[in-house]
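Trainee: Here's the letter readout for the chains.
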Amino acid sequence: MKIVVCLKIAPDPEDLEIGSDGSVSTTHAEWTIGGFDLPALETGVRLAEMHGGKVIALSVGPPDINQSKIRKDILSRGAEELVLVVDESLRDASTAETARVLTAAIQKMGDVQLVLFGEGSADLYFQQTGVQVGERLGWVSLNAVRDVRLKAEGTLQVQRVLEQEIQVIEVPLPAALSVTSDICEPRLASMREILRASKKPVLEWSLADVGIESLAPSVEILAVKAPPRTARKAILLDGSVEEAVRLLVSHLKKEGVL
Amino acid sequence: MINPQRILVVSEDVNLIGELIGAARRLNSEGRSVIAAVVAGDQSAVRRVASFGVDQIYQISQVPEGHLVEDIFLTLLELIHQYEPAVILIGATTTGRLICGRLAARLDLSAITDVRAFDWHKDGLKARHMIFAGGAERLERPLRMPVLMSIARGQHEVEVVPNATSPEVVTLPFITPQKRVVLLERKDLPPVSVNLVDAKRVVCLGRGIARQEDLALVENLAKELGAEIACTRPLSEGLGWLPRERYIGISGAHIRSDLYIGLGVSGQVQHTVGITDAKVIVAVNRDPDAPIFKQADYGIAADLYQVLPALIQAIQTV
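Chains R and U, in that order, are what the protein sequence lines are. Counting in this note's numbering, the final residue of the first sequence is number 260, and the numbers go up one at a time with none missing. Counting in this note's numbering, the final residue of the second sequence is number 313, and the numbers go up one at a time with none missing.
Note that these hints are calculated values from the structure, not bench results. Some hints could be false.
Stated by the list, open to error - Heads up, simulated DSS-like pairs for lysine-lysine below, C-alpha to C-alpha not over 25 Å straight-line:
no.: 1; chain 1: R; residue 1: Lys255; chain 2: U; residue 2: Lys218
no.: 2; chain 1: R; residue 1: Lys201; chain 2: R; residue 2: Lys4
no.: 3; chain 1: R; residue 1: Lys256; chain 2: U; residue 2: Lys274
no.: 4; chain 1: R; residue 1: Lys4; chain 2: R; residue 2: Lys202
no.: 5; chain 1: R; residue 1: Lys202; chain 2: R; residue 2: Lys56
no.: 6; chain 1: U; residue 1: Lys195; chain 2: R; residue 2: Lys235
no.: 7; chain 1: R; residue 1: Lys56; chain 2: R; residue 2: Lys153
no.: 8; chain 1: R; residue 1: Lys110; chain 2: U; residue 2: Lys174
no.: 9; chain 1: R; residue 1: Lys201; chain 2: R; residue 2: Lys71
no.: 10; chain 1: R; residue 1: Lys256; chain 2: U; residue 2: Lys195
no.: 11; chain 1: R; residue 1: Lys202; chain 2: R; residue 2: Lys74
no.: 12; chain 1: R; residue 1: Lys235; chain 2: U; residue 2: Lys289
no.: 13; chain 1: R; residue 1: Lys227; chain 2: U; residue 2: Lys121
no.: 14; chain 1: U; residue 1: Lys274; chain 2: U; residue 2: Lys289
no.: 15; chain 1: R; residue 1: Lys74; chain 2: R; residue 2: Lys110
no.: 16; chain 1: R; residue 1: Lys4; chain 2: U; residue 2: Lys174
no.: 17; chain 1: R; residue 1: Lys256; chain 2: U; residue 2: Lys289
no.: 18; chain 1: U; residue 1: Lys289; chain 2: U; residue 2: Lys195
no.: 19; chain 1: R; residue 1: Lys227; chain 2: U; residue 2: Lys274
no.: 20; chain 1: U; residue 1: Lys174; chain 2: R; residue 2: Lys153
no.: 21; chain 1: R; residue 1: Lys4; chain 2: R; residue 2: Lys153
no.: 22; chain 1: R; residue 1: Lys227; chain 2: U; residue 2: Lys289
no.: 23; chain 1: U; residue 1: Lys218; chain 2: R; residue 2: Lys256
no.: 24; chain 1: R; residue 1: Lys201; chain 2: R; residue 2: Lys110
no.: 25; chain 1: U; residue 1: Lys274; chain 2: R; residue 2: Lys235
no.: 26; chain 1: R; residue 1: Lys202; chain 2: R; residue 2: Lys71
no.: 27; chain 1: U; residue 1: Lys117; chain 2: R; residue 2: Lys227
no.: 28; chain 1: U; residue 1: Lys274; chain 2: R; residue 2: Lys255
Please take these sequences and the hints and turn them into a complete structure.
Mentor: Next comes the structure, spelled out in structure tokens:
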């Protein structure tokens, strides 16, 4: 089974710099694989290990996504090949553009049976791209998938978790599934896998390579700002533990919250 | 366009339809729009939606056996082509997200999901969506029509209009998608027993808690305070010590309690975005440089295993 796992590579939200005027900068942020996407990669690798096949990792974005550390990170987690579609116009791409490019790349690969996504990207978290790609490919697409099993050749049985129910669903392949972040625990790469990673193929495609001439934006980004924060007192209570606790309780009584 | 001509609201959840109609009314401040709701359900669902004071109802009375309710998207797509709404509001549930994505793909546009605020300006609609795990908000203007947005539960009031004029009800035939999955079985999840959103006091655990057995200590404090126990995401999704509905953060609960006490919580933005509306924030963490202290009203930089018993005792003597 040929499995593609789509990963979002983006600035780490932990590294966000917030200015006193509420401005937000990612200039010094490290680019990483989205945390929600690693369980999708692990799911794909486990399926390939169990039933045979190969996992191709796929990511699209601006030139920043093609970094040796990130390539190694992805390829040491069990993907056999990495495909990156790189173009500056993908820097602030919204879900329609991202889904269009991913779809074109998957079609170019050919013979793909399953495409996996995380529950959302770590930076934008629209939770839309996976569903859109499935629909654009003309395949079935599902979100919130918590368990994936191969039942028979060409059929999966999955569990899907909604707010108030669990569904057991038969999915004909090819299909695109967005998995929950608790579907499985992503592996830590072994030293052997890390060494092997540098020998695995990495392909960088341009938009033209996947047959896209230009990418018109579907959304205009007007502003990015830090959300308004409540001002806090930030009083650190010193002294022994008993003293600090005594002070705390007296403050809380004054605040009227005890 | 100053005012949208037609607004279509869609949800599998009748109460959420009520909230979406509330949102649609906000977009229709000039009163010139027609608001229509799509109801996948029977006559009682239609009557309930009619009580919200909507202009038109499109009813899909039955989703065939073995289909997912999300399979109505093709029926919806046909309706969108005929009805040409300027704005489509979808309830941001798991089902809503799937419908939204399928529609967005077919219409070649980007849906703005989990919209927190929106306004209609003379150059179009502007909407806010949280990015970077709650670290930032992005203001966006969709450039294609129709505007497709999803709105989460609890953001708009359900308004029951007394003596609402009967809306026009149109029955839509269900259109079966060519490619589809088969629903084999469904099981109800146990009802959620926790309501963090309405809790007056919340005691929250972070990675500073060393062992699952230590939860008992925290339960004592929570009992003394009459507080609900909450946690950060790693404790529920990584370690599984607490159920998912107890975790606070970007994709978890957003609390509004009078008091929040974080025990061993470091204060990463993914978590703290969920506590910004708490009235008083207390943080206990061994690391004096933990980011939580900057976002707390009162902090104690000490081992929570020493602070906990002292705090329980101090509260008992209040």
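Trainee: Please write out, lowest number first, the hints stated earlier that are contradicted by the structure.
Mentor: Hint check: nothing fails, all pass.
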